[in-house]
Amino acid sequence: MSEQFLAADISVLVSQLRLDEKISLLAGPNWWNTTAVERLKIPAVRMSDGPNGIRGSSHFLPTPAQCLPCATLLAATFDEQLVREVGEFLADEAKIKSSVIILAPTCNIQRSPLGGRAFESFSEDPHLSGILAAAYVTGLQSKGVAATIKHFVANDQEHERTAADSVMSDRALREIYLYPFMLAQKLARPWAYMTSYGRIGGIHCSENPDLLQYILRDEWHFDGIVMSDWHGTYGTSEALNAGLDLEMPGPPRWRTPNLIYHSLSSQKLRIPTLDARVFTLLTFVQKLARQNPSVVFGDGIERSQDSPARRAFARRVAAAGIVLLKNDRAVLPLAPEHAKRIAIIGPNVRARIISGGGSAALKSTYVITPWEGIVAAAPEGVEMRYTVGCYAHKYLPTLENNLTTPDGQPGWLCTFYSHDAESNPDQAMAEFVVVDTRIKLNDFLPAGLTPTWTIKLKGILRRATFFYGQGTIEEKAVIDVIAGKSLEISVEYTNTDPPEIGPGAERDFGQPALMRGVRLGGAEKIDPRKAIQDAVNLASESDAVVIVGGLTPEWESEGFDRPSLGLPGLQDELIACVAEANEQTVVVLQAGSAIAMPWVDRVAGIVQAWYQGNEAGNALADVLFGAVNPSGRLPLTFPVRVEDIPAFPNLRCENGQIHYREDLFVGYKHYQARGIRPLFPFGHGLSFTSFAFSDLQISEPSTYDAALIIDVSVTVTNTGAVHGSEVVQLYVAYPDSVGVTTPRLQLRGFLKVHNLAPRERATASIHLDRYALSFWDAPCARWAASAGTYGVFVGPSSADLPLEGRVELKHGFVWNGV
1 MSEQFLAADI
11 SVLVSQLRLD
21 EKISLLAGPN
31 WWNTTAVERL
41 KIPAVRMSDG
51 PNGIRGSSHF
61 LPTPAQCLPC
71 ATLLAATFDE
81 QLVREVGEFL
91 ADEAKIKSSV
101 IILAPTCNIQ
111 RSPLGGRAFE
121 SFSEDPHLSG
131 ILAAAYVTGL
141 QSKGVAATIK
151 HFVANDQEHE
161 RTAADSVMSD
171 RALREIYLYP
181 FMLAQKLARP
191 WAYMTSYGRI
201 GGIHCSENPD
211 LLQYILRDEW
221 HFDGIVMSDW
231 HGTYGTSEAL
241 NAGLDLEMPG
251 PPRWRTPNLI
261 YHSLSSQKLR
271 IPTLDARVFT
281 LLTFVQKLAR
291 QNPSVVFGDG
301 IERSQDSPAR
311 RAFARRVAAA
321 GIVLLKNDRA
331 VLPLAPEHAK
341 RIAIIGPNVR
351 ARIISGGGSA
361 ALKSTYVITP
371 WEGIVAAAPE
381 GVEMRYTVGC
391 YAHKYLPTLE
401 NNLTTPDGQP
411 GWLCTFYSHD
421 AESNPDQAMA
431 EFVVVDTRIK
441 LNDFLPAGLT
451 PTWTIKLKGI
461 LRRATFFYGQ
471 GTIEEKAVID
481 VIAGKSLEIS
491 VEYTNTDPPE
501 IGPGAERDFG
511 QPALMRGVRL
521 GGAEKIDPRK
531 AIQDAVNLAS
541 ESDAVVIVGG
551 LTPEWESEGF
561 DRPSLGLPGL
571 QDELIACVAE
581 ANEQTVVVLQ
591 AGSAIAMPWV
601 DRVAGIVQAW
611 YQGNEAGNAL
621 ADVLFGAVNP
631 SGRLPLTFPV
641 RVEDIPAFPN
651 LRCENGQIHY
661 REDLFVGYKH
671 YQARGIRPLF
681 PFGHGLSFTS
691 FAFSDLQISE
701 PSTYDAALII
711 DVSVTVTNTG
721 AVHGSEVVQL
731 YVAYPDSVGV
741 TTPRLQLRGF
751 LKVHNLAPRE
761 RATASIHLDR
771 YALSFWDAPC
781 ARWAASAGTY
791 GVFVGPSSAD
801 LPLEGRVELK
811 HGFVWNGV
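Final position of the sequence shown in full-length UniProt numbering is 818; the numbers increase by one with none missing.
The reader is advised that the hints may include incorrect statements.
[What the hints assert, rightly or not] Distance windows between CB atoms, simulated:
(1) His754 with Leu487: 49 to 57 Å
(2) Lys340 with Leu487: 51 to 59 Å
(3) Lys458 with Asp426: 30 to 38 Å
(4) Gln697 with Lys394: 49 to 57 Å
(5) Ser737 with Arg761: 31 to 39 Å
(6) Arg385 with Ser142: 15 to 23 Å
(7) Arg529 with Pro379: 19 to 27 Å
(8) Ser737 with Gly656: 33 to 41 Å
(9) Gln4 with Pro410: 14 to 22 Å
(10) Pro758 with Gly656: 56 to 64 Å
The set of hints was computed from the structure by calculation and includes no laboratory data.
Given the structure is predicted, the values throughout are model-derived calculations rather than measurements.
Beta carbons: idealized from backbone N, C-alpha and C, even for Gly.
Could you put together the complete structure from these sequences and hints?
What follows is the structure in structure tokens.
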């Protein structure tokens with residue numbers, strides 16, 4: 001079977017397909033696969049969610065996987081080579097899951113930190129986002145696994161995401177939102193694109209010919225496939241004519257024989273268009289099969305892998321993106337001579353917070369919690385003591401780590417029942433042990449069930465968000481449990497539809513009705529005031545305090561946006577009270593984006609840890625105790641308050657539109673233009689050592705046309721006492737002669753200088769090309785670089801640029817494409 005397809009001429013193969021077979025190829029048959037055509041030996045290929053791990057093809061019974069850090073942490077490394085290695089790592093992970101397509105990377109712009117999927121995107125800056133997306137894609141595809149770069153384009157919020165029309169200027173579309181995709185296309189050539197749910201210019205992206213044909217294929221010369229986001233196809237002929245090759249997931253809603261036949265008979269769709277989509281799809285499948293024959297034609301079994309080397313890599317990546325935001329009185333690293341008794345406090349200390357929620361979440365092979373990592377790394381003679389301080393969960397924490405089946409296996413027993421004529425549970429049809437108390441049934445049901453069915457879940461409790469934001473209000477109860485005594489838990493769920501929504505009630509139409517499941521959670525009941533007082537008492541008896549808090553996948557997730565910048569629960573009060581009791585207080589924040597910090601001036605240290613994956617606790621401990629000198633830098637600006645967010649107040653969809661009135665002034669560009677002081681600026685990050693920048697050298701332009709190259713170099717010296725790594729950031733200021741409004745400074749280059757010893761120096765070289773000096777000339781629909789003198793500013797952050805130079809462009813030029 002494999003040899004025949006691998007050697008096939010795709011044009012001939014298309015001519016041999018029956019019309020019904022062509023139609024079947026243009027939509028998935030299920031949640032994760034393309035369609036096979038056995039008659040012509042055409043295989044199916046499997047895909048899996050990313051971007052921080054490879055979940056595999058089941059939400060219900062997931063195969064455990066390595067969880068790497070979220071994209072904001074990857075961007076915080078400012079390390080192109082490391083992100084490429086992440087792509088290579090995930091390619092290996094994909095293949096053992098029998099997948100050859102990864103639905104990643106996400107390179108949408110972090111327009112607002114309140115966006116539910118902000119943690120999935122790299123940055124607020126299009127250059128940083130594009131360069132790192134290209135590195136990620138290159139790593140994946142160097143091992144034969146297709147990247148599916150997403151979401152094309154402007155999937156920057158979750159509110160009414162399937163309906164919202166992103167209303168923006170042509171310059172904002174080109175210079176901000178399409179820009180990272182353009183860079184990735186130029187540098188890495190992704191094999192697949194996924195369309196955004198929403199609209200541009202009033203037309204859904206999945207059926208927008210300006211995006212899919214004129215820009216992506218004609219202008220950028222993309223030759224791979226374009227697939228919809230899941231249930232992000234909204235019509236038949238419109239999407240096919242625009243260039244959408246694959247409707248996902250299956251079974252299809254729009255690419256059914258009846259609908260396609262009707263479109264053909266009415267000539268809303270023509271056979272040559274259908275054949276073009278089939279040709280592109282089969283070319284893509286053949287490429288993947290040729291590069292991965294043992295996977296595509298393999299046994300289809302999903303596996304997990306774990307090794308000391310893979311753990312060490314995940315730990316290195318997780319530590320590399322940690323950002324030290326504040327370090328008064330050199331409170332970090334924690335040293336035994338100054339901190340013999342350390343209080344570890346907070347809702348996330350013993351929690352398994354490794355990722356944001358939604359499609360990025362996965363079942364991990366293992367998790368090192370902050371408590372486990374800190375205790376394991378603590379120097380000899382240092383006493384560690386813990387108290388929770390407060391809770392911060394949105395829903396009660398899941399209980400899989402405390403449940404066993406009736407016969408003693410980890411997890412709980414899930415039995416599916418068909419219904420009798422009266423719709424009562426009747427016959428047991430299938431039984432599974434599920435090691436998760438979030439039961440997700442969107443992509444799996446056993447065979448033989450009646451239209452309505454029931455699941456019964458049973459487990460023994462030992463005392464020792466809903467999927468994409470969907471679910472009913474959580475029902476809570478308080479029960480007494482006795483230490484050492486087991487408690488039987490039984491949950492019954494039937495798949496009946498909810499009652500009709502009455503007049504005037506709000507209903508979210510943005511998610512498909514296929515997301516079914518049930519969730520069980522629980523936690524020890526605490527007195528909130530006593531918990532904070534216990535934390536204060538412990539802090540007052542300690543030499544130093546580490547508070548580990550932040551957000552969770554219930555607060556940052558696909559399907560909904562964050563309600564505010566504030567920390568949930570009583571965390572702000574806890575931090576303020578503990579800092580009052582102990583001036584050596586360090587706050588560690590697990591969160592995928594910015595949060596408000598009303599206590600910022602009261603604490604000695606602040607560590608932005610992001611979502612770090614499996615190795616969260618170990619990587620955090622490496623920084624806290626100095627085994628790793630932090631070198632992460634902020635890939636987004638942290639605002640003081642929600643009103644300072646550039647997109648404010650346009651944070652929600654209004655009458656079907658989301659207005660991008662900040663235009664080009666996203667992130668640090670807004671703060672600089674309006675003189676607003678942020679909480680922490682873009683590019684900021686401290687080290688346990690210090691660095692000096694000197695000797696800025698800027699070459700003359702190599703030419704005055706689209707082949708332009710400018711070489712910039714700078715010397716970086718470690719002026720401190722320990723080894724460390726520094727990020728060189730280069731910003732360009734456009735001359736007034738450009739004639740259009742531009743941000744004062746724009747990041748146009750960066751480089752990480754690794755592991756300099758004390759007094760060691762290194763030369764960092766950055767190459768600028770035509771992208772660095774160009775803007776989108778909207779009336780002429782092209783890129784333009786104007787003659788004039790451009791400023792070049794170099795330093796360690798957008799707010800600290802000690803070196804300044806100039807480059808003169810004697811003649812302007814225009815260009816198109818990539």
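Q: List in ascending order the numbers of the hints, as given earlier, that are violated by the structure.
A: Going through the list in order, the structure violates hints 2, 3, 6, 7 and 9 and respects the others.
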